[in-house]
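Number of protein chains: 2
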Amino acid sequence: MSEQALTVDLGNRSYPIVIGRGLFRNRFDLETFLPSDKCLVVTNETVGSLYLESLRECLPSSKVRSITLPDGEKYKTLSTARSVIDELVEAKADRKTSVIALGGGVIGDIAGFAAACYMRGVPFVQIPTTLLAQVDSSVGGKTGVNHPAGKNLIGAFHQPRIVLIETETLCTLPDREFRAGLAEVIKYGAIVDIEFFVWLEEHIETLLERDPEALTYAIRRSCEIKAGVVAQDECEAGKRALLNFGHTFGHAIEKSAGYGEWLHGEAVAVGMMMAASMSEISDDELDRLSALICAAGLPVIPPCVGADKLKAAMRTDKKIQSNKLRLVLLRALGSAFVTSEYSQDRLLEVVSRADG
Amino acid sequence: MSEQALTVDLGNRSYPIVIGRGLFRNRFDLETFLPSDKCLVVTNETVGSLYLESLRECLPSSKVRSITLPDGEKYKTLSTARSVIDELVEAKADRKTSVIALGGGVIGDIAGFAAACYMRGVPFVQIPTTLLAQVDSSVGGKTGVNHPAGKNLIGAFHQPRIVLIETETLCTLPDREFRAGLAEVIKYGAIVDIEFFVWLEEHIETLLERDPEALTYAIRRSCEIKAGVVAQDECEAGKRALLNFGHTFGHAIEKSAGYGEWLHGEAVAVGMMMAASMSEISDDELDRLSALICAAGLPVIPPCVGADKLKAAMRTDKKIQSNKLRLVLLRALGSAFVTSEYSQDRLLEVVSRADG
Numbered sequence: 002m003s004e005q006a007l008t009v010d011l012g013n014r015s016y017p018i019v020i021g022r023g024l025f026r027n028r029f030d031l032e033t034f035l036p037s038d039k040c041l042v043v044t045n046e047t048v049g050s051l052y053l054e055s056l057r058e059c060l061p062s063s064k065v066r067s068i069t070l071p072d073g074e075k076y077k078t079l080s081t082a083r084s085v086i087d088e089l090v091e092a093k094a095d096r097k098t099s100v101i102a103l104g105g106g107v108i109g110d111i112a113g114f115a116a117a118c119y120m121r122g123v124p125f126v127q128i129p130t131t132l133l134a135q136v137d138s139s140v141g142g143k144t145g146v147n148h149p150a151g152k153n154l155i156g157a158f159h160q161p162r163i164v165l166i167e168t169e170t171l172c173t174l175p176d177r178e179f180r181a182g183l184a185e186v187i188k189y190g191a192i193v194d195i196e197f198f199v200w201l202e203e204h205i206e207t208l209l210e211r212d213p214e215a216l217t218y219a220i221r222r223s224c225e226i227k228a229g230v231v232a233q234d235e236c237e238a239g240k241r242a243l244l245n246f247g248h249t250f251g252h253a254i255e256k257s258a259g260y261g262e263w264l265h266g267e268a269v270a271v272g273m274m275m276a277a278s279m280s281e282i283s284d285d286e287l288d289r290l291s292a293l294i295c296a297a298g299l300p301v302i303p304p305c306v307g308a309d310k311l312k313a314a315m316r317t318d319k320k321i322q323s324n325k326l327r328l329v330l331l332r333a334l335g336s337a338f339v340t341s342e343y344s345q346d347r348l349l350e351v352v353s354r355a356d357g
Numbered sequence: 002m003s004e005q006a007l008t009v010d011l012g013n014r015s016y017p018i019v020i021g022r023g024l025f026r027n028r029f030d031l032e033t034f035l036p037s038d039k040c041l042v043v044t045n046e047t048v049g050s051l052y053l054e055s056l057r058e059c060l061p062s063s064k065v066r067s068i069t070l071p072d073g074e075k076y077k078t079l080s081t082a083r084s085v086i087d088e089l090v091e092a093k094a095d096r097k098t099s100v101i102a103l104g105g106g107v108i109g110d111i112a113g114f115a116a117a118c119y120m121r122g123v124p125f126v127q128i129p130t131t132l133l134a135q136v137d138s139s140v141g142g143k144t145g146v147n148h149p150a151g152k153n154l155i156g157a158f159h160q161p162r163i164v165l166i167e168t169e170t171l172c173t174l175p176d177r178e179f180r181a182g183l184a185e186v187i188k189y190g191a192i193v194d195i196e197f198f199v200w201l202e203e204h205i206e207t208l209l210e211r212d213p214e215a216l217t218y219a220i221r222r223s224c225e226i227k228a229g230v231v232a233q234d235e236c237e238a239g240k241r242a243l244l245n246f247g248h249t250f251g252h253a254i255e256k257s258a259g260y261g262e263w264l265h266g267e268a269v270a271v272g273m274m275m276a277a278s279m280s281e282i283s284d285d286e287l288d289r290l291s292a293l294i295c296a297a298g299l300p301v302i303p304p305c306v307g308a309d310k311l312k313a314a315m316r317t318d319k320k321i322q323s324n325k326l327r328l329v330l331l332r333a334l335g336s337a338f339v340t341s342e343y344s345q346d347r348l349l350e351v352v353s354r355a356d357g
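Top to bottom, those sequences are chains A and B.
According to the working numbering, the first sequence is numbered sequentially starting from 2.
According to the working numbering, the second sequence is numbered sequentially starting from 2.
Do not rely on the hints blindly, as some may be mistaken.
Note that identical chains are pooled: a pair holds if it fits in a single copy or bridges any two copies.
[Said to hold, decoys possible] Straight-line C-alpha distance at most 30 Å; calculated DSS-like pairs for lysine-lysine:
#1 Lys93 x Lys310
#2 Lys75 x Lys310
#3 Lys64 x Lys97
#4 Lys312 x Lys39
Hints are computed from structural coordinates only; laboratory data are not their basis.
Extracted from the complex, chain A is given alone in its bound form (with noise of 0.2 Å):
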């Protein structure tokens, strides 16, 4: 097993990212991470029957009680993170049990919020089982569920106790998942690291392998850019924003397609390609990005919902403030920066291959 540790630097609530490869197998003491011996796992169907026994192994003097949610991002509202809190007051859970989220992003999102909201607060801990979840949303304390009318509108910053990333859990996740993860991870490159970038043109095919030490090398350097990002800015009022790069788009595709219908990171991954299209980056630029993406599988044009669902669906992005929708655009591969100074002619062109 090799184990790596990074720190998510937030003064008394800096936290560690674990990284390993086996770290079920060889019984990695979370005990040690959690202020009583009482925990909520939270899982999903899928998760829980692959990893639930093999995590209870980390817990061997801890009292666990489980819920399994059902699977899908369409489950990811209110009434769950509800059905968790209730689960919470069954247990008598108290002020120092702690909420323990075994999933990909949707259950770390539900099970964090619901975490925040339980007696304003109790402890989670974060075991991300996706390349996406690993690589992003399991990192930096964003938790929250999807209202009708936005993904995410409902949420809180919590931060966890410890991120345990089992590289092992990725040999079950289905390859378009897998894909989707690689989005986040080029979006890493592609906002503040040009030798990451590189890095990624030249692996991406031993990553599709899922070879395990390019794997670790890219979950590592995603979550250090993360958490660099995190720790200058915790509740995004600056520098954070650059992590939504391609989120705007891929939130609206999202949305406009149906939740569930498109994959978060398929739509981040086509959101890139449009935000770096209204950039002033060279041809050239663009088109490594391009032939990185698909490269990694994935999509590079909008589904064909049409322009105007998609403007719609932008006006309500969380970003708007005043009116003013800002983006992440990039000043070359490697250099992200918020703005809301660009064409809009050059917006409404770009939303317009949505017409197909």
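For chain A, the structure is supplied; the task is to place chain B on it using the hints.
Relative to the frame of chain A, chain B by itself:
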């Protein structure tokens, strides 16, 4: 108009508490504290019909939307909070849209929780219109809603931008609610300030006559004490727990009597007597506390709900940690402390007062 201002010192989230008579009449410039011209006022039928128009005059250049919630603790639910969030969505509220609570503690708690969750937190303003909310719930950032299993089980810490206390709103406050608010005022004296306690003993009649000067002093001193405690311990890791004097018993009384039957302050008044009875204080001090509570027209004996029901209600208290119920007891009048070391027999004896 005599306007007084305090500061709740929380670093870059510090905010003022402005206390004054005629703040509405004199068109207090609230807009200085709002980051944009969009806001949603959350109020109830009673308070809205009395003060919403006056408040609008403090927001002459803003787009003011309002939502009127049904009046009463029984509506302090997740589903009411959701209706506020739905209104924000409907209004296309963005991250700079402010939520303004105009009402008592119930309104402040619901509106604050909705503001905390919508887009993971939008600006929030407290305009408390009951004595209880002015001296207690509007200060300190605690927000939340009730769960059938217990009060405030679902919530968040979300600090307001400003707390605006228009003391004239107390003129329309029903007598029973006014007296209930005095319970929290007495609490501040009992837990940390014997001088204030003595002042209250001397001025309780004047306060009951709602003398403006006495009221302003009592509100200011209460807010000062609470602001000081909150600044030292925002998230209730330590000292803030002192503010719960009388509340463990009080919450249990509210719950077992049925929410809404007893006002929060009434239950806290009895709770303080129960906690004081468990404390190692002199009979003379116990008599003084009892006399002051009685003079304020508040109860000192629990309702006949039965000791078993009361004990069961105490078991879901948020302050239980690892099965151990911590209580706030008095060393002396003006000096409280938190402990889980107390005689179980004494606890049973005190709780058995609910057997009638």
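Hints and how they fare:
For a Cα distance limit of 30 Å, the shortest separation of Lys93 from Lys310 across copies, 16 Å, qualifies, whereas the shortest one inside one copy, 45 Å, does not. For the identical chains of this complex, Lys75 and Lys310 are intra-copy neighbours only, at 20 Å inside a copy versus 40 Å across copies, given an alpha-carbon limit of 30 Å. For a Cα distance limit of 30 Å, the shortest separation of Lys64 from Lys97 inside one copy, 13 Å, qualifies, whereas the shortest one across copies, 43 Å, does not. Taking the closest pair of Cα atoms, Lys312 and Lys39 come within 30 Å of each other only across two copies (22 Å); inside a single copy the shortest separation is 47 Å, beyond that limit.
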